[in-house]
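K.L.:
Each chain, letter by letter, is given below.
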Amino acid sequence: MSRIAKRFKLLREQGRKALVTYIVNGDPYPEATLPTMHELVRQGADIIELGVPFSDPMAEGPVIQRGHERALEHKISLRGTLELVKAFRETDKDTPVVLMGYANPIERMGYETIARMTSEAGVDGLLTVDLPPEEAVPLKRELQAVDVDNILLLAPTTSVERARRVAGLASGFIYYVSLKGVTGAGHLDVDAVKTKLEEFGQLTDLPLCIGFGIKGPDTAKKLSVLADGVVVGSVLVDKMGSLHDQSAEQIAGAVGAIVGDIRRGLDE
Amino acid sequence: MPLTVNMVTSKTQAFSKKRYSETDYSQFPNAEGHFGPYGGRFVSETLIYALDELQRIYSDLKNDPDFQAEFDKDLAHYVGRPSPLYHAERWSREVGGAQIYLKREDLNHTGAHKVNNTIGQALLAKFTGKQRVIAETGAGQHGVASATVAARLGLKCCVYMGAEDVQRQSLNVYRMKLLGAEVIPVTSGSRTLKDAMNEAMRDWATNVDDTFYIIGTVAGPHPYPQLVRDFQSVIGREARAQCLEQTGRLPDALVACVGGGSNAIGLFHPFLADDEVEMYGVEAGGDGVETGRHAAPLSAGIPGVLHGNRTYLMEDENGQIIETHSVSAGLDYPGVGPEHSWLKDQGRVNYVAINDQEALAAFRKTTLVEGIMPALESSHALAYAEKLAATMRPDQSIVVNLSGRGDKDILTVAKLDGIEV
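Protein sequences appear in the order of chains H and U. If you read the first sequence in my numbering, its first letter stands for residue 1, the second for the next number, and so on. If you read the second sequence in my numbering, its first letter stands for residue 1, the second for the next number, and so on.
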């Protein structure tokens, strides 16, 4: 069983919800990422979503865009991100790590190479924002061959018919984009999410996690009851950016504190 | 994917004789929006439904005689088409080679070919019932053309423009404001056209219910490369008929500048199956392709994925998109329409580059010798046409797409001359 499947099974048995935390590799500087990842785990993160910096992050709001820009100033790449996961795996063999990014760095490396390298590095899944089902099949095939999950998105604009197709191609878990917009947006409508997720939940056995626009323990708690887990990102990236001149320990501590609060909220 | 690309290229090269007439170019892209390995729909899930809707509306309307009639009527009475095909006799004589004909898209309402497409997309927007349009713009020509059709239809219009371009094209920014559009300077990334397109995509994902995105070039996710090409193909259809009428035969060569590539595809497309017509797409060589400071992905880039399609891109070894350089804001883009990528691999179109200095020289030359002030974008095509004509016989002919007028560039040129206007 994959790390992702194992984690969701464990959570189900415990009656708990998954907390997926997103940070950008190399943000605000390369040495901050590894200690922050470990601190996220200590504070109760179930899955780490590691953003792979890209020059043109089209689906991101201003907060995460700036995170990508800060990381790119340090020339952080997809290859470097794979190295980082390798380093993380030296001491953490259990926490699933998903790389979230855009298609072009993957295209540049080649699908077969990236599949092999993610597997070797101990990456559990790839979430490629601009590879919808229409274009995802060739990469999915390569990932499947090495047992790395292909995480796909569902959106408020996805029809039921289409969601069925997404469910058929996805593995690991499905990421539900809670609002029309970019990451970190401020117009989340819990009732609308509920309606959509009731529809989609019937189409798949895969866990559903909700992301985009979750800013604190209250929304996280409210949304978590509708799904198997929640994703928080912008609020963490914002904090990391504001501490760019602080030590890695201080950054890890501050971001960990946010995650700890959300964890306690979810478990209440 | 690169494997497929190489196979296509070598197969094409195996034919010593050109047989383009055997290809039905109207059958491309396929239903998924692919031109061979290029094109497609590389966008986040939220936008797929809007693209599906657009595709549905466009397939319904594309062959609808009423829609075509309305489009043709607007082109005739609002844009002022057909645009003339002008024999630049004095310039041709000076060069002493082929006869140079200029397709005068600069004479269109708003001063460039961009309006052909915005008229078409505005008609589509009307059918969707959406009350707000957004656009990205580099030189400002597409922004002006979008603001123009929005004003005419009473639609709210937001134009995204790189902060750098807002400065170097201040005249067009003010034009857009006068037309009632809101111009939003984009300060992320390299602050040019590609970043404006990112921001427009973000706006679209946020306001997808009530907003129609008017993409200005033959790039972006399917069906944009197809529908923009179809709307711009009026250029080539007219040029073909005008050339036959004026010279009694087809031109020997076509030349057009390529940024995203909409004016070039518009001119080329109706000639693609004509084996005897050579085609040249002219990219922005900036300081020179060999310096790395340019905007010529077809000449010096590799295939990748950006802005919803797979195409040739300028990127580094890690797949990060790199900054481009060109004296002309409208060509300052690291990608290119996917159909151009495919036509390059097919060997159907030759893609070449002209650097800033050559383009500026052509700007001055055309202004002095023909009394026509071309846009700096179009000046790239004119510069290449001059070189090409010199290698040809006087009984041969070249059609150059004079895609826009140069008024918007006067401040840029004056600044290079050290003159304050």
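Hint data in this document are derived by calculation from the structure and do not stem from the laboratory. Virtual Cβ for every residue (Gly too), placed ideally from N, Cα, C. Any given hint might turn out to be false.
Here are the simulated EDC-like pairs of lysine to aspartate or glutamate, each with C-alpha atoms no more than 16 Å apart in a straight line [what the hints assert, rightly or not]: (1) K387/U <-> E358/U; (2) K6/H <-> D205/H; (3) K221/H <-> E249/H; (4) K239/H <-> D228/H; (5) K6/H <-> E112/H; (6) K75/H <-> E358/U; (7) K75/H <-> E323/U; (8) K75/H <-> D316/U; (9) K126/U <-> E70/U.
Facing chain U, according to a computed beta carbon distance under 10 Å, are these residues of chain H, among others [claimed, not checked]: (10) P30; (11) L34; (12) P35; (13) H38; (14) P53; (15) E60; (16) G61; (17) Q65; (18) H74; (19) M117; (20) A121; (21) G122; (22) L188; (23) D189; (24) V190.
K.L.:
Each hint: holds or not?
P.N.:
Structure-based check of all given hints:
| no. | hint | verdict |
| --- | --- | --- |
| 1 | K387/U <-> E358/U | holds (10 Å) |
| 2 | K6/H <-> D205/H | holds (14 Å) |
| 3 | K221/H <-> E249/H | violated (28 Å) |
| 4 | K239/H <-> D228/H | violated (26 Å) |
| 5 | K6/H <-> E112/H | violated (26 Å) |
| 6 | K75/H <-> E358/U | violated (34 Å) |
| 7 | K75/H <-> E323/U | holds (15 Å) |
| 8 | K75/H <-> D316/U | holds (11 Å) |
| 9 | K126/U <-> E70/U | holds (12 Å) |
| 10 | P30 | violated (14 Å) |
| 11 | L34 | violated (20 Å) |
| 12 | P35 | violated (24 Å) |
| 13 | H38 | violated (26 Å) |
| 14 | P53 | holds (8 Å) |
| 15 | E60 | holds (8 Å) |
| 16 | G61 | holds (7 Å) |
| 17 | Q65 | holds (6 Å) |
| 18 | H74 | violated (12 Å) |
| 19 | M117 | violated (13 Å) |
| 20 | A121 | violated (16 Å) |
| 21 | G122 | violated (21 Å) |
| 22 | L188 | violated (13 Å) |
| 23 | D189 | violated (13 Å) |
| 24 | V190 | violated (18 Å) |
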